[in-house]
Each structure stands twice: as C-alpha cells, then as structure tokens.
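Protein sequences, first through last, are from chains A and B.
The opening position of the first sequence corresponds to residue 1 in the numbering used here, with each subsequent residue numbered one higher.
The opening position of the second sequence corresponds to residue 602 in the numbering used here, with each subsequent residue numbered one higher.
Think of the hints as simulated: they come from the structure by calculation, not from any bench.
From the three backbone atoms N, C-alpha and C, an ideal C-beta is built for every residue, glycine too.
There may be inaccurate statements among the hints.
Said to hold, decoys possible - Okay, the calculated bits of chain B under chain A, using three or more residues with CB under 8 Å as the criterion:
no., region
1, 776-786
2, 817-828
3, 879-888
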Amino acid sequence: MKSENFASDNRRMLVKGVVFLIFVVYLVQLFRMQIIDVHLYEEKASGNSIKPIEIAPYRGIFFDRNLNVIVENIPSYTVRIIPQDYDKKNNEVLETLLALEKGTIEKFLIKNKDFGKHIPLKLKRAVDFKTIGFLDENAERFPGVDYIVEIQRGYKSGVSGAHILGYSREISNEMLKKDDFYQPGDYIGFTGLERKYEDELRGEKGFQYIVVNNKGKYTGKYENGSKDAPAIKGKDLVLSIDKRLQIAAEKALAGRSGAVVCIEPATGEILAMASAPDFELAKFADVLPKEYVQALNNNPLKPQYNRATLAAFSPGSTFKLLCSVSALDMGVITPNDYLPCNGGYQYGNRFFKCHGGVHGAISVVRAIEQSCNAFFYQLIFKIGLDNLANYANKFGIGRRTGIDLGEESPGFIPTTGYYENKYGKNWPRGIAVSLGIGQGEVSITPLQLAHFAALIANDGLSYVPHLVKGYLGADKKIVPFQFEREDLGMKKEAFATVKQGMYLVVNGNGTATNIRMNDIVIAGKTGTIQNPHGADHSAFIGFAPYDNPKIAVAVIVENVGWGSSFAAPIAKLMIETYLKKNNSTDSTMAVPVPVGGHFED
Amino acid sequence: MKIESDISEKFDFFLFFTVLALIIIGLIAIYSSTLHNPFAKGNFLKQVLALFVGLIAFFSIYSAPTNWLRSATLPAYATSIFLLLLVLVIGRIAGGAKGWIRIGGFGLQPAEFAKIATILAISQYTSKSTVNIDTVKDLGISLIIGLFPVALIMLEPDLGSSFVFFTLILVLLLWKGISLFGLFVVLSPPMVAISSLFGIYYIIGALILVAIAILLFRRDLFFSITILAFNIAAAFFVDFVMGILSPHQRKRIFSFLNPESDPLGSGYNALQAQIAIGSGGLFGKGFLQGNQTQNQFIPEQWTDFIYCTIGEEFGFIGAIVVFTIFALFFYRLFKHATSNTHEYHSLIVIGIFSVYFIHFVINLGMAIGMMPVIGIPLPFISYGGSSLLVNLSMLGIVQNIYKSRKQHV
Chain A
1 MKSENFASDN
11 RRMLVKGVVF
21 LIFVVYLVQL
31 FRMQIIDVHL
41 YEEKASGNSI
51 KPIEIAPYRG
61 IFFDRNLNVI
71 VENIPSYTVR
81 IIPQDYDKKN
91 NEVLETLLAL
101 EKGTIEKFLI
111 KNKDFGKHIP
121 LKLKRAVDFK
131 TIGFLDENAE
141 RFPGVDYIVE
151 IQRGYKSGVS
161 GAHILGYSRE
171 ISNEMLKKDD
181 FYQPGDYIGF
191 TGLERKYEDE
201 LRGEKGFQYI
211 VVNNKGKYTG
221 KYENGSKDAP
231 AIKGKDLVLS
241 IDKRLQIAAE
251 KALAGRSGAV
261 VCIEPATGEI
271 LAMASAPDFE
281 LAKFADVLPK
291 EYVQALNNNP
301 LKPQYNRATL
311 AAFSPGSTFK
321 LLCSVSALDM
331 GVITPNDYLP
341 CNGGYQYGNR
351 FFKCHGGVHG
361 AISVVRAIEQ
371 SCNAFFYQLI
381 FKIGLDNLAN
391 YANKFGIGRR
401 TGIDLGEESP
411 GFIPTTGYYE
421 NKYGKNWPRG
431 IAVSLGIGQG
441 EVSITPLQLA
451 HFAALIANDG
461 LSYVPHLVKG
471 YLGADKKIVP
481 FQFEREDLGM
491 KKEAFATVKQ
501 GMYLVVNGNG
511 TATNIRMNDI
521 VIAGKTGTIQ
531 NPHGADHSAF
541 IGFAPYDNPK
551 IAVAVIVENV
561 GWGSSFAAPI
571 AKLMIETYLK
581 KNNSTDSTMA
591 VPVPVGGHFE
601 D
Chain B
602 MKIESDISEK
612 FDFFLFFTVL
622 ALIIIGLIAI
632 YSSTLHNPFA
642 KGNFLKQVLA
652 LFVGLIAFFS
662 IYSAPTNWLR
672 SATLPAYATS
682 IFLLLLVLVI
692 GRIAGGAKGW
702 IRIGGFGLQP
712 AEFAKIATIL
722 AISQYTSKST
732 VNIDTVKDLG
742 ISLIIGLFPV
752 ALIMLEPDLG
762 SSFVFFTLIL
772 VLLLWKGISL
782 FGLFVVLSPP
792 MVAISSLFGI
802 YYIIGALILV
812 AIAILLFRRD
822 LFFSITILAF
832 NIAAAFFVDF
842 VMGILSPHQR
852 KRIFSFLNPE
862 SDPLGSGYNA
872 LQAQIAIGSG
882 GLFGKGFLQG
892 NQTQNQFIPE
902 QWTDFIYCTI
912 GEEFGFIGAI
922 VVFTIFALFF
932 YRLFKHATSN
942 THEYHSLIVI
952 GIFSVYFIHF
962 VINLGMAIGM
972 MPVIGIPLPF
982 ISYGGSSLLV
992 NLSMLGIVQN
1002 IYKSRKQHV
C-alpha cells in the first residue's frame, strides 16, 4: 500500500541534496589535491615514492631433546640481476663465473621481461664465497649485478634424519592461492617435519619501507624506518629425538634396508627413527642436482620412502605378544593354563608345524619365551578374530597412530567381515590359523611395532607417538605441545605376564639370549618375517630396563634372515647407547654380523 | 523519423551512452594500469570479454516482458542465498578466498548478485497493497528480507559489501515512505552497536540518546520498552559476535576500523593513491605516462584504486569529465525513479540508483582519502567481471522498466 510519504518531495530533496553535496565535496578535494597542492604531490611522486620491501623471517631450527642443534640456518649467497642497469656484454663472463650453461642468462632475461626493469631478479642461489668476493671487488665491471644473503638449511650435526626432518621447496602455484602469506619464489616445507610444522617454523614476514625515485633507485628510508615492522622469527622446535641415539640407529642400518624406531614408553616421545636406505637432505637444501634426483627416483629400493611409517610388514612372531596380552586381558586363558603342542597343530586336514620340536603342554609365558607356534595357532580361535582386531586397534595396529609427521600407513588387521567379503560366508578358517603367528593379511609398520612395545612396557599407558616435544621459548625453556594421552584400560596382570615371557626371551631360555646383558635387563620378542620374494626379514621388539622401562625399540631389517641374528643385536645397541649415556659405545659396535642363530622363530 | 522517436520512447539512449562512456573510460584506465604488471596483464581482455557477456545480459533483461521481474524475484533471491551459503562453505574448505567462487580462471562474487535480488525482493514486498511499512510485522519482514543476505555477507567477512547493503535497505525504506519514527526504529540499533565498539561510555551515551528519542516520540509503553530492549541487545550483540569470530576475522575487522594500526594495509595504499592523483595536476601526465601507475606503486590499481590512474594520467580535467558523465548518469536515473508513479518500479529504480551511487561515493572517497579502504569497485570503470555483469544487468532492469512505463499510468 502506498504510504503517504512515498517518494515525497522532502525525500527527493534529501536524496538530491546528498548527491549534490558529495559531488561538491569531492570536486573541491580533487581541486585542492590536483591544482592547489599539485607541486607537493608532484615532488613526492617524481622524487620520492614509498616501496615496501619484504623482510624474510628467520626460519625456526631444530634441536634434539637435549638442545643439541640438529638443523640450522646457514647463510647462502644469491646473485641477482637488475635488468635496467645490466649490460648484456657480461653474459659470457658471468655464466662462466657462476658455472651456468652458455645462454642461460639470455633466456633468463627473456623469461622475466614482464617484471619492472628495476626489480632485481634472483639468478643463482648458493653461490660460493670466493665468487661473491670477486663480484664484490669488481662491482664496476658488472653493473646491474648484486648479491643478497639468504638462508639455507645446514645439516652439520651428524644426524641424517632425512625422513624425519624433510626438506623445503619453492612454493607451487596451487599452494600460493591457498595462503596469502607466501609470494612467488618463497620456500615452503615440502616433506617431513619441515612440512608438518610449517606454520610454526615460518615466522612472520617483516616490512621495511624504503623510498625510491621514479626510476626505482633507493634513496633512503621512509620516515626513518619508524613504520617498519620487524620480521618475527619462526619457532625453534625441540625434537624428542636423541642425537646420539639417532646417529647410532642410522649407522646400524647403513648398507641395509629396514627401519629402527625407539620410543620412550611413558611419554610416547620418539627417541630415534631411522629408515634405510636414505638420502642427503643437504642436497635438497642447495640447488638440487638433476642427476641426484634421478638416481633417487630410479633406485628400486626407494630411498625417499620412510619405511618406519609407510612400510607395512607381516609382523611375524612379534604378533604373538598381541595375541597373548589380548587373551589374558579377556580372560580366555590365565598364566597357569596349558595348551598342547605336539610339534604342531592339526586344523581340519592340515597340520601346521611348530619349529623346534615338540613343546608338550605349554603355558603362555613359555610359549612366548620359546616362540611356540602351536600355542598361538590355538589361541587365536579362543580370542576370536574380531576381538583380536579390536585389541589391535587399541594398540594402534590396523589404524594410524596419529604421529605428527604427515603420511603414515595404517597397516591392516583382518576381521571376519573382511574374510566374508573376500571369500564369502564360508571362508576357509584355516587362513586365520597363521594369523596367530603373524603371517597372512595382517601388516604393521615399524612405528606401530615400537608404539606397541612402548604400551606393553608401560602397562597400556602412553601418549600418541610424536617427534616434537615443543618449541624453545624466550627464556630458553621448552614450551611443550600437547599430545593425546593413551590409556588402554587393560589389566595390569595381563601386561605383567606378557612381560615375564619377554624377559625370558632374552634372559631365560628364549630366542634372543644372544643379546643378554649383565648390567641392563632387556626384554623383547624376536620375529622372522617370511618374504616370498627373497630372504626373510629380521624383526625384534623390546624394552629396557625391565623394571623401569625407559626405552622401547622396534627393529626390522629386510632380507637378512633370523630375527635374533640381525634385528636383536641392533636393538641391544640402541638400548645400550641410550641408557649408557656416558660411554662411547657407539664406536664399539659396527654393523652386526649374523651369528649362527637359534631355531627359526 | 517516426521510427526513431518510437525507439527512443522505449529505450533511453542518453542513459545508455553515458554508461558506454564510463565503460570506455574504464577500459582505458584498466589497460594503462595493468600494462606493466605481469600478474594482471590479462585483465584488459578479461574486462572486454566481461563487457560482451554483460551486454548480452543487458539486452536479454531489457527485452524480457516487464512482468517477468515479479516472477524472477523469488528464484533470484533464493539463488543468491544459496550462493552466499555456498561461498561460506567453500571458503572454509579452500582456506578463505574472501567471498569468491572460482570457476576455471574466473571468479564469481555472490554478494554482487545478491544486491539485485534483494532490491527486487524488498521492492516487491513493500509495494504490495496489503503491506504497510509502518507496522511492526511488515517492517520486520522487510528488514529480514534485506538483512538475511547481509548476515551471510558479514560472515565471510565482507564488511564493505555489508555496508553497501545496509545503506541500500535504508534508502529503499526511506523512498517507500517510512515514517520518521520507523526510521528511528531501524537506525538506532546499528548506531548503538557501532558505538559499542568505542567503549562503555559511548554505549551509555548512545542508549541515553535513544531513551530521550523514545520519550519524544510518545508511543505506547510496551512498544517503547521493546525498542529500548532491542537497542540494549544490539549493544551486546557486537560483543557476542566478536566472541565467536576467529582471531583472523577479528584482525580484519579491527584493521578496517583502525587503518593506522595496520601498516601493510590501507594507510600505505591510501597514501600512494593520493600521491598519484595529486601529482596529476591540471592536465594529467598523459596516457600511459603516469609514473606512479606504470611503476606499479599503487596496489589494486585496476580495481579499488582505478581512479588513481585517471587522476594521475588525465588530471583535474579528467576529473571534470568523469564527474560530469556520472552526474548526467545519476540525474537521468533519478528522473526515472521520480517520474515513474508505479510504486514497485520506482522503488526498484531508486534501489539501483543507490547501489551505483554508494559505490561511487565509497570508491572515489577511498582514492582521495576521505573514506576508509573497504574494497568497493567503481561502477562500470573498475576491473571486475561480476561487478560489470551485475551493473549492466541492473541497467537492463532500469531500461526495461522505462520501456513499459506508459503501461501503468
């Protein structure tokens, strides 16, 4: 309904008045700016213009748990060309000086011709000091050429840590669109912790306002730098890694392929994580040589692949520990129950062999000590496949552990649903038998194994495994990051019984007595993982000291045979290195040589 | 001769040519400001492309039967709401591309399209014979129609567009004939809310003024108390909203309110803009000869600060030319709004008029340092596909209404 005031004369006047007013005010202002004050602005425009220069923040570095430097920033020189002032006659000389292919500079200038002529272009990074010195001394011969100091990662601590630390690369166009922090040409964490903790490491850019004339030449600081904003350096991260232990782990795996993961049971902190073969991070920090990358990509052993978190193996006999602790917690067996082993186990029309002869009636503790297969062939049916899968998930098996590293494989644990889907409702139950000894569809990563060992060692209490403790605060104190607590809520007695068995494996009559020590009591479990494509893999998980565990270890070495002969000695080396902090034990033991081992486990 | 006068009765050539003139000026300015910028080099051609698409939209809308406007309103409004919700969801996933949906290399800005839809919706609703704008219910519904899109836009957060919407709704209500009291009811909560940003004393002061006004208006007690309560709620609303925003969003709002606190933001931009314009002098430095523009000293110089290129390269004479064309444009539009006695159409035209004018005021104000920098483009001149498309569509609606104005006498 039409209001009486609809488009009334008053309102029309109001609108017309406002429009008129705005026009007048704006024109007066423009008149003032462009006629009255024109000289003031002209002077500012032709002689003085303000340009913001980005100040790159110092990227956070990495320390180990004892505040030893693992990754640092080192200065690196970058040679630049300012096209406006550059003389192309110098192309050949410059190319020779900087070891560039002939014609590179010509192409470089053409590629970048759309940028303003006075904007410096980065020609070559990581130029050596001698060359910089030469360019500096002969600056008049090279007009339009300058150099700046940039920051590059340095790896001088002796730790390789290629898979943990990761490297940075120049940011891609897709990533540029997603986050307006970055400019083209910036570096961003690409793999590993450099990537996962990019936000903490990158700091905040600063700005310096300088004054340039209309040709773009620097003429001074804007307002004496009072409006400048300093760059805020990135947070320095304190890793849970122990430098000595990490170096020892890497050395132990040298020349082999496999993984070593060490975790502190009470806290879930990863003390060492090594995967072999690996590669050199220093090469990625620099200008990456093409041949190096090609060699890495063509290597069939895949050095860039982090076996600790991504390689899922059949766990072999180490799986027996999961069966044991689950069964004891469920109450389907007690420490005093016995199951028969007559050299094997008959299921249906197949006899599943147990190695090492006939064990007779055997209890769980001894079954662990001797790694009796028959015991576990039967135990798995008492537990039930789905119950076992449930327990496995509790222990972080068959799902991702949640490590703060990025990609990890969840491994796999089969359920009845899985077999029914694959083979139909009447799936052959015999398949599940070998699951009891960790063969078949079940697969676990070395990280999951170490995490499992940590949980056993600490009676089912720990934290989500993580590599970073926190960052270094202003007063050199560690500001911790929060990680999720894990409490399995299982019976302490179940753990105690399993641990007893593990104790005997090393200190009784078990399968790893070769690593028994007098001063440190180690408990563990060997595993030999059958490998259809070649020699078996050697596995060992364990912890020490038995009474008050400080370190849990998982070692898998590929294609070398028995668990006791290869993996166990490496685990012992890890434990010794970590617990005997004052000894230089890292120099006494080279790569373990297979000692004629015990029977197959 | 007879045919020509027939056509000019159905199509306002004068208005159309002023718009074409503005568009050409825009293309010249965009070309000049992007020539030396490797990232924005394609913008001139993109604007030409947008122009063609816009002209197609313009003529399509113009040729449609006028009562099509009524039937298109609800679908347009619903689609706008949908797109605004979509942009909030996508923005969250993609990490905040500020109110845009990207398709291929082009961006779509739902807030722009929502303007047309909201104008149509409010105009249609308030001009219904059963609606009395001075009743609580009808005023309330009108406000909800207008404020729903605003709420979504504020969540992006795009405070610039939100401000345009508020003013637009206000103008529509004003034109519709809302009483002074009605105006007071609508304006007082936002005023109180804004005052709350300045501190507790301002809130108290604002509420006291509101109470005095209520007394002076002499309405019944219940009504008066409700309005007062509403205003008090508005004071706390701002606090509440700040609480649920993320730190990133809060930072954006504060830097908008206080440009000095953000050294990388508007303070620097505005200064550069003024230097460019001022140094243009009387005649300007000449096409492609403005060193501030050519050396890329002004950020966003083909969108928010497009006027700087005109100011620097064509000087005060250029200003006179642009202002004259805009003056003729606004004059003509206003005439359409006032001469059309059909309430519904008159409202639509004044709504469209105010969108153009508010953009003009804010954008030029930003360039000459009289308005905070809130990212509003200059109609027909700034680079921007969505913007040009919407502006030409609105022009199409105006011409469409002009075409059929004799039918409703």
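So, going through the hints one by one against the coordinates:
no.	hint	in the structure
1	776-786	holds (count 5)
2	817-828	violated (count 0)
3	879-888	holds (count 5)
Checked against the numbered hints given earlier, the structure breaks only hint 2 and satisfies all the rest.
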